[in-house]
Amino acid sequence: MKKARISLVRLALAAIAAAAAFGAVGTSALAAGPFDPSEYAITGFEVGSSDPRAGAPSDFFNGIEMKADEFTKPFGKEWITYGTSKRLDIKLPPGLVGDPTAYPTCSIERFVRAFDSCPPESAVGSVETEVFGIVGLLNGDVYNLTPGEDQPALFGLKPSFNLYAFIHVEVSADGEITAVSDDLPVGGVLAWSDVTMFGVPADNGNPGPRRAFMTNPTTCASPYTVQLDAVSYENYTDSAEDSEPPRTNCEDLPFEPSISVEPTSDVAGGPTGLNVDLTVPQTEDPDQLATAHVKDVTVALPEGMVLSASSAAGLGSCSPEQFGYHEETPITCPLDSKVGEVEVETHILEEPLKGPVYVAKQDDNPFDSLIALYMAPAGSGVELKLAGKVDLDPSTGRLTSTFLNNPQQPFTELHVRLKDGPRAPLALPATCGTYKTEADLTSWAMPDEGVPLSDTFTVDQNCGKQGQFTPGFSAGTVDPSAGAFSPFTLRVTRAENAQQNLARIEATLPQGLLAKLAGVPLCGEAEAATGNCPAASQVGTTTVGAGAGDQPVFVPQPGRAPTAAYLAGPYKGAPYSLVVKVPAQAGPFDLGTVAVRNALHVDLTTTQVTAKSDPLPQILQGVPISYRDVRVDIDRPGFIVNPTSCEPMAITSMLVSAAGTVASPSDRFQASGCRNLGFGPKLKLSLSGQMKKSGNPALKAVLTQPSGQANIGAVTVMLPASQFIDNEHVNNPCTRAQYAANACPPASILGTATAYSPLLDQPLTGNVYFRANGGERELPDIVAALRGAISVDLVGYVDSVVTNKKKGISRVRNRFMLVPDAPVSRFEMTLKGGKVGLLENSQNLCARKQRVAIAMDGQNGRVHDTNPVIKTSCGSKSKGKAKRRG
Amino acid sequence: MTRIAIVAVFLLLLATAASAETIQRDGARVGIDAQLMPQALPREGEKPVRLRLMLTVGAAPGAELPRLRALELRLSRSVRLRPAAFPRCRIGQIQPSTSAGALATCGDALVGEGRFAAEILLPEQAPFPSRGKVLAFNGVYRGRPAILAHVYGIRPAPNAYTLPFLISAGAGGNVLRASLPRATVETGFVRQLRMTIGATRRSGGKRVGYVSARCPATAGSGSALYPLARASLEFADSAAIRGKLMRGCSVAGGER
Numbered sequence: 000m001k002k003a004r005i006s007l008v009r010l011a012l013a014a015i016a017a018a019a020a021f022g023a024v025g026t027s028a029l030a031a032g033p034f035d036p037s038e039y040a041i042t043g044f045e046v047g048s049s050d051p052r053a054g055a056p057s058d059f060f061n062g063i064e065m066k067a068d069e070f071t072k073p074f075g076k077e078w079i080t081y082g083t084s085k086r087l088d089i090k091l092p093p094g095l096v097g098d099p100t101a102y103p104t105c106s107i108e109r110f111v112r113a114f115d116s117c118p119p120e121s122a123v124g125s126v127e128t129e130v131f132g133i134v135g136l137l138n139g140d141v142y143n144l145t146p147g148e149d150q151p152a153l154f155g156l157k158p159s160f161n162l163y164a165f166i167h168v169e170v171s172a173d174g175e176i177t178a179v180s181d182d183l184p185v186g187g188v189l190a191w192s193d194v195t196m197f198g199v200p201a202d203n204g205n206p207g208p209r210r211a212f213m214t215n216p217t218t219c220a221s222p223y224t225v226q227l228d229a230v231s232y233e234n235y236t237d238s239a240e241d242s243e244p245p246r247t248n249c250e251d252l253p254f255e256p257s258i259s260v261e262p263t264s265d266v267a268g269g270p271t272g273l274n275v276d277l278t279v280p281q282t283e284d285p286d287q288l289a290t291a292h293v294k295d296v297t298v299a300l301p302e303g304m305v306l307s308a309s310s311a312a313g314l315g316s317c318s319p320e321q322f323g324y325h326e327e328t329p330i331t332c333p334l335d336s337k338v339g340e341v342e343v344e345t346h347i348l349e350e351p352l353k354g355p356v357y358v359a360k361q362d363d364n365p366f367d368s369l370i371a372l373y374m375a376p377a378g379s380g381v382e383l384k385l386a387g388k389v390d391l392d393p394s395t396g397r398l399t400s401t402f403l404n405n406p407q408q409p410f411t412e413l414h415v416r417l418k419d420g421p422r423a424p425l426a427l428p429a430t431c432g433t434y435k436t437e438a439d440l441t442s443w444a445m446p447d448e449g450v451p452l453s454d455t456f457t458v459d460q461n462c463g464k465q466g467q468f469t470p471g472f473s474a475g476t477v478d479p480s481a482g483a484f485s486p487f488t489l490r491v492t493r494a495e496n497a498q499q500n501l502a503r504i505e506a507t508l509p510q511g512l513l514a515k516l517a518g519v520p521l522c523g524e525a526e527a528a529t530g531n532c533p534a535a536s537q538v539g540t541t542t543v544g545a546g547a548g549d550q551p552v553f554v555p556q557p558g559r560a561p562t563a564a565y566l567a568g569p570y571k572g573a574p575y576s577l578v579v580k581v582p583a584q585a586g587p588f589d590l591g592t593v594a595v596r597n598a599l600h601v602d603l604t605t606t607q608v609t610a611k612s613d614p615l616p617q618i619l620q621g622v623p624i625s626y627r628d629v630r631v632d633i634d635r636p637g638f639i640v641n642p643t644s645c646e647p648m649a650i651t652s653m654l655v656s657a658a659g660t661v662a663s664p665s666d667r668f669q670a671s672g673c674r675n676l677g678f679g680p681k682l683k684l685s686l687s688g689q690m691k692k693s694g695n696p697a698l699k700a701v702l703t704q705p706s707g708q709a710n711i712g713a714v715t716v717m718l719p720a721s722q723f724i725d726n727e728h729v730n731n732p733c734t735r736a737q738y739a740a741n742a743c744p745p746a747s748i749l750g751t752a753t754a755y756s757p758l759l760d761q762p763l764t765g766n767v768y769f770r771a772n773g774g775e776r777e778l779p780d781i782v783a784a785l786r787g788a789i790s791v792d793l794v795g796y797v798d799s800v801v802t803n804k805k806k807g808i809s810r811v812r813n814r815f816m817l818v819p820d821a822p823v824s825r826f827e828m829t830l831k832g833g834k835v836g837l838l839e840n841s842q843n844l845c846a847r848k849q850r851v852a853i854a855m856d857g858q859n860g861r862v863h864d865t866n867p868v869i870k871t872s873c874g875s876k877s878k879g880k881a882k883r884r885g
Numbered sequence: 000m001t002r003i004a005i006v007a008v009f010l011l012l013l014a015t016a017a018s019a020e021t022i023q024r025d026g027a028r029v030g031i032d033a034q035l036m037p038q039a040l041p042r043e044g045e046k047p048v049r050l051r052l053m054l055t056v057g058a059a060p061g062a063e064l065p066r067l068r069a070l071e072l073r074l075s076r077s078v079r080l081r082p083a084a085f086p087r088c089r090i091g092q093i094q095p096s097t098s099a100g101a102l103a104t105c106g107d108a109l110v111g112e113g114r115f116a117a118e119i120l121l122p123e124q125a126p127f128p129s130r131g132k133v134l135a136f137n138g139v140y141r142g143r144p145a146i147l148a149h150v151y152g153i154r155p156a157p158n159a160y161t162l163p164f165l166i167s168a169g170a171g172g173n174v175l176r177a178s179l180p181r182a183t184v185e186t187g188f189v190r191q192l193r194m195t196i197g198a199t200r201r202s203g204g205k206r207v208g209y210v211s212a213r214c215p216a217t218a219g220s221g222s223a224l225y226p227l228a229r230a231s232l233e234f235a236d237s238a239a240i241r242g243k244l245m246r247g248c249s250v251a252g253g254e255r
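Note that the protein sequences, when read in sequence, are chains A and B. Residue numbering for the first sequence is 0 to 885, as defined by numbering that gives the first Met the number 0. Residue numbering for the second sequence is 0 to 255, as defined by numbering that gives the first Met the number 0.
Don't take every hint at face value.
Stated by the list, open to error - Here are the computed lysine-lysine pairs in the DSSO-like style, where the Cα-Cα straight-line distance is at most 30 Å:
{"#": "1", "chain 1": "B", "residue 1": "Lys132", "chain 2": "A", "residue 2": "Lys834"}
{"#": "2", "chain 1": "B", "residue 1": "Lys132", "chain 2": "A", "residue 2": "Lys848"}
{"#": "3", "chain 1": "B", "residue 1": "Lys132", "chain 2": "A", "residue 2": "Lys806"}
{"#": "4", "chain 1": "B", "residue 1": "Lys46", "chain 2": "A", "residue 2": "Lys691"}
{"#": "5", "chain 1": "A", "residue 1": "Lys611", "chain 2": "A", "residue 2": "Lys681"}
{"#": "6", "chain 1": "A", "residue 1": "Lys418", "chain 2": "A", "residue 2": "Lys388"}
{"#": "7", "chain 1": "B", "residue 1": "Lys132", "chain 2": "A", "residue 2": "Lys804"}
{"#": "8", "chain 1": "A", "residue 1": "Lys805", "chain 2": "B", "residue 2": "Lys132"}
{"#": "9", "chain 1": "A", "residue 1": "Lys90", "chain 2": "A", "residue 2": "Lys388"}
{"#": "10", "chain 1": "A", "residue 1": "Lys90", "chain 2": "A", "residue 2": "Lys76"}
{"#": "11", "chain 1": "A", "residue 1": "Lys691", "chain 2": "A", "residue 2": "Lys804"}
{"#": "12", "chain 1": "A", "residue 1": "Lys691", "chain 2": "A", "residue 2": "Lys418"}
{"#": "13", "chain 1": "A", "residue 1": "Lys388", "chain 2": "A", "residue 2": "Lys353"}
{"#": "14", "chain 1": "A", "residue 1": "Lys90", "chain 2": "A", "residue 2": "Lys66"}
{"#": "15", "chain 1": "B", "residue 1": "Lys132", "chain 2": "B", "residue 2": "Lys46"}
{"#": "16", "chain 1": "A", "residue 1": "Lys571", "chain 2": "A", "residue 2": "Lys683"}
{"#": "17", "chain 1": "A", "residue 1": "Lys435", "chain 2": "A", "residue 2": "Lys515"}
{"#": "18", "chain 1": "A", "residue 1": "Lys691", "chain 2": "A", "residue 2": "Lys681"}
FYI, nobody ran anything at the bench for these hints, they're computed from the structure. Computed from a prediction, not measured in an experiment: that's the story for all the values here.
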């Protein structure tokens, strides 16, 4: 390259997208030979363009000069060179585009001919060079050659009839173009070369149609920089760079994209694929500026169109190493990470680029995001690697995908097809209607001015389901044998994804369906909040199916973290709680561990257990959890115990939807084999203290029952006729409000009671109160307030039975009609005597034996009636003094 | 003569018409009645009679039921009680017991009987009635002569209660006074007390009545209208109600 000439040449010539290098074939000019190959160097490199405007058809010029020294010999001058160029790589400015499809191509076979070479219609540039050993300036054309199958473009430089070189185009994964001239002939040593690729070859003698060939970048933000890397056969390298100022007139570039977004389904709430078609019309008139290249694409799907959890089943992901983003490595993403396909149509290639769309590995992707997509459109020797981030609105799950800094290349159509079917990645809104997708595109020309786009689609199938909430419910023990331990299963299903989502589960077990809490260590409060409970407190597992369509994804998945249900302590006013731990791991996603706490309320009177769940998470990291199947299996051995009543009962529920709708399905429950259970509890009563007439004796009742029998259902005790209710001691019952506030007056405390159950580690114990009942019965009740791990109120009704109408004799009766269906090994109740004694002797108890009538009903229907003598303290030294009046 | 006879008949009719006194005050509506049977009495001397007492306690519409705290009956001087002439019973012997039990223990001291009705209201409970038979025993309460009104009820549970009517000698005549214990007043609303007292026994060959009376007719008159009793009822939450029970009598045997 003659430095002095370059500026002139630059004016005259135009730049070319591909750089030029060439080699000589046949006779080559000889220089003095390499003097010192290590001094191989580029001494001159200049680039230029004929039009500074962005997107303008413009000649691209580059001039290269290699190091050589001239010295004088006796017979004249000679050149000393420093190595022979083997490969020249010219990395073009981003966005500089050549369109090899705009002009006819010439076959290599014809190109290499000395005569009858390529036709002038295939000439797209010019070359001027000087090669050592060949006298004189050489110049010729640059031809558009027929590329190989894996080549996007191939050019041939032919400065003379028998001298040529090839330039092939390499497109990086990021879309950057490098013009490569490799394996240059060793016979000729390049001194310098000036290559021009024409903006409009027809304007430079090409007889073909007038079309743009080289087009300037469409950005005005960065300099027009070209880099040259040279390698010698002696393995020495050198690099050079030259720039022109950034392009101008970006505001004049046309940019009128449009978008079409269409789900592959129109079923409300159902899974769907997605067809996204982005159209960017390209100008074809060489007298106009080219369409600006697309820089950023943001597509926000309509609210309600969300990620379908069902898609996670069987889905894989692609790691950065496998995809090789920004790297020229082969893509080795696993097949199961493919969720769609992409196709790019560009006018500068004969065939569209096609490739897969992969799901990137969660949190290990270019965006460190939950979800990212990789796209790898390929063809004609080009394999682009695009990466886009998918943002999920944490509260609505709305999906917004963003592909930033796309390659500065033109395309007319971009089609993305996300797969269809039950495992489709998306789910349609649950409500029918018309939905709008919003997009925003920016160009490299005007990166700060987005072009808003939108498209609508309609969901109009399965509309009748919207707003409904008719969940299925089943529950029961695996083995219904009365009094036996058995695993328990509860299941809630939601058949239609279009229906309202499940938000809360409340289930009430039948009376007697209890758990043996004894021996089960509780999960600590801090651990319960996170679900990281000790294994010893585990009592079961859970299975959760979620997602759209008829093939939801189920957690836990094989090989992933297991679920668990743990027993924990008091929660929200309940004595116990169940911590249901669900690692939200499905497919390639790990949405964290969900711990849902369920308060286990125990009915004060019946000990019926009601489990009230905390709100189920509706969305995790922006992924809506559309519950389809929730199962809880309480299968710890020896934990759940069946009732000993075989009456038909039900497991009832209150299921609340996310919209607040309540459904109350229930499942029948009935234990079996009750008749096989024996029933023979023993109840001993004794009166002590004041034994004389008008005295107030103390009463003690001790009930014992062996294990394995039916539990007690009711106990009626009819005291001897000698026992009256003392009028003066009935005046201070505890009101219900006082009782609820645990503020009963001392005078209402009649005594104490203690119950021992094999289900509990510690006995329940507490005061016995005389408690008002609001008038349901004439006299207040006797209530044993048993407290401990759980609270139980054993309520006894006080009344009388006329046993001798003629004599007007009635007997005080105390009936415990609602005894919980729970095993009790021992129960003690003591009613105080004396000043606060409720009972009053109408005769001296020592005068005759006092008998009590006891009727006990088993939960299994068996009865056990006795009429024992009450033990008294007559004869003991510690007789109480009878109360005297008058 | 004829005129006198007409006046006597008129007075008797008047006494009959006034046989049930109903007094309403501060929302309390109280009915008090006392009768001597028979009404034909000697002008001089005394004759065993039965004293029939009846008390009803109610409330005016919209008012709360008043809680009777004490009852006092000042009898006319023409009426006399003779507790000393009859066997006596201690309250401890009959409290608590069934009616049959009380009779078995103190049957000799039985001087009357009747019925009792009250309404029991325990905190936060619906009021429920308490009814029972009243057996009136001649007795002693705290060292003083008394009529022990023993009440036995079986609903809602067997219970017994004895209300002592203390007998004292007032300026005019005998006074019967009963005070309900505070605990009873708090929860019990006496609705009705009906009691007839009037036992007789032979003493020294003479027939002695637990209650005896004469007709305070003036000489020459065959009948009289006189204040048989002055009743006073005290309530826990309202003013006392007092009334004078004017009753008539005729002179036995047609004396003038």
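Each hint, compared with the structure:
{"no.": "1", "hint": "B:Lys132 x A:Lys834", "in the structure": "holds, 27 Å"}
{"no.": "2", "hint": "B:Lys132 x A:Lys848", "in the structure": "holds, 28 Å"}
{"no.": "3", "hint": "B:Lys132 x A:Lys806", "in the structure": "holds, 12 Å"}
{"no.": "4", "hint": "B:Lys46 x A:Lys691", "in the structure": "violated, 43 Å"}
{"no.": "5", "hint": "A:Lys611 x A:Lys681", "in the structure": "violated, 37 Å"}
{"no.": "6", "hint": "A:Lys418 x A:Lys388", "in the structure": "holds, 18 Å"}
{"no.": "7", "hint": "B:Lys132 x A:Lys804", "in the structure": "holds, 14 Å"}
{"no.": "8", "hint": "A:Lys805 x B:Lys132", "in the structure": "holds, 13 Å"}
{"no.": "9", "hint": "A:Lys90 x A:Lys388", "in the structure": "holds, 28 Å"}
{"no.": "10", "hint": "A:Lys90 x A:Lys76", "in the structure": "violated, 35 Å"}
{"no.": "11", "hint": "A:Lys691 x A:Lys804", "in the structure": "holds, 25 Å"}
{"no.": "12", "hint": "A:Lys691 x A:Lys418", "in the structure": "violated, 92 Å"}
{"no.": "13", "hint": "A:Lys388 x A:Lys353", "in the structure": "holds, 20 Å"}
{"no.": "14", "hint": "A:Lys90 x A:Lys66", "in the structure": "holds, 21 Å"}
{"no.": "15", "hint": "B:Lys132 x B:Lys46", "in the structure": "holds, 28 Å"}
{"no.": "16", "hint": "A:Lys571 x A:Lys683", "in the structure": "violated, 39 Å"}
{"no.": "17", "hint": "A:Lys435 x A:Lys515", "in the structure": "violated, 55 Å"}
{"no.": "18", "hint": "A:Lys691 x A:Lys681", "in the structure": "holds, 28 Å"}
In summary, the numbered hints that this structure violates are 4, 5, 10, 12, 16, 17.
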